[in-house]
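Chemist: The opening position of the sequence shown corresponds to residue 1 in the working numbering, with each subsequent residue numbered one higher.
Source of the hints: derived by calculation from the structure; they are not laboratory data.
Each statement offered as a hint is correct.
Here are the computed lysine-lysine pairs in the DSSO-like style, where the Cα-Cα straight-line distance is at most 30 Å:
| no. | residue 1 | residue 2 |
| --- | --- | --- |
| 1 | 184 | 13 |
| 2 | 146 | 3 |
| 3 | 226 | 236 |
| 4 | 127 | 3 |
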Amino acid sequence: MKKLFTERHGEGKPRVAETLDDATREGLLALVSARIDEEWFGLSFNEKCNDGYAYAGTDVTRLGRTMKGYGVIWPHDVDRDNPPMDGQIFDLLEFSYEVIAEAKDPSYHSYMSHSHYNYDRESGRLKFTQDVNRMFERNGMALEMKDGEVVRLAPAVLQEALASSTFRTGDPTLDEMLETSRSKMLNRSIAIRRESLEKLWDAWERLKTLEPGRDKRESAGRLLDKAAGEPTLRAKIEEEAIELTNIGNTFMIRHTETDKIPITDSAHIDYLFHRMFSMIRLLLKTSGRGT
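The whole structure should be built from the sequences, with the hints applied where relevant.
Modeler: Dropping the structure here:
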């Protein structure tokens with residue numbers, strides 16, 4: 001669906017919501033129900049034609065039993081007074097992506113009073129993904145379907161940084177830490193996003209040892225020297241580096257002692273991640289280890 005009037009005139013909803021509202025939940029259920037009715041599940045769950053044709057629509061009984069076996073909700077039977085949880089909706093979307101295929105070129109078989117279809121898996125997945133993401137966008141959801149999985153959209157500035165960064169630091173362990181942190185940051189679960197902070201601060205400690213030096217302090221100093229030659233800016237960057245290390249030791253990021261301050265708000269996780277990620281990107285770029 002194209003951009004509608006309000007979006008074209010700057011009145012679209014900001015994509016900040018991390019939980020589904022009723023309208024989005026109903027819309028997603030209706031989308032999957034429509035694709036079932038339109039026979040888009042018929043490639044994986046085909047209704048056999050007794051007159052010798054393979055694809056005569058969807059065997060909804062077999063589809064329903066399979067979904068039940070996987071613990072996936074049946075969209076036609078949802079109790080609107082007791083709506084499913086977000087995770088159940090996302091399970092439904094991801095299951096649908098796995099088995100969906102666009103039903104094309106219907107040919108009516110008059111003798112059996114049904115139609116036969118050709119199927120296109122790639123096209124079906126693409127169109128289904130586009131429909132899901134358009135609904136997320138219209139309703140201001142900080143979510144998207146990517147490669148068949150529902151993931152979180154980070155705030156716009158952070159999302160751009162996460163998408164554009166490549167980790168080829170010359171240190172495989174550091175690369176793995178940074179990539180793990182990035183992937184966890186896009187998870188919907190606050191608990192897993194807290195893990196992304198832990199991994200990012202671990203990467204910070206490792207980064208400070210990559211330059212030659214007698215100890216971590218000297219190695220980190222050489223990194224900072226490369227980051228800025230102008231003394232005042234160099235001093236400010238060092239202040240920030242010290243403060244980031246202190247944050248990691250004060251809050252429940254790298255340590256879990258009872259005197260550490262827990263981080264429970266999603267916005268605070270975003271803020272701290274962006275602050276540390278910006279520092280790491282700067283030091284990687286200025287030391288020739290990243291883009």
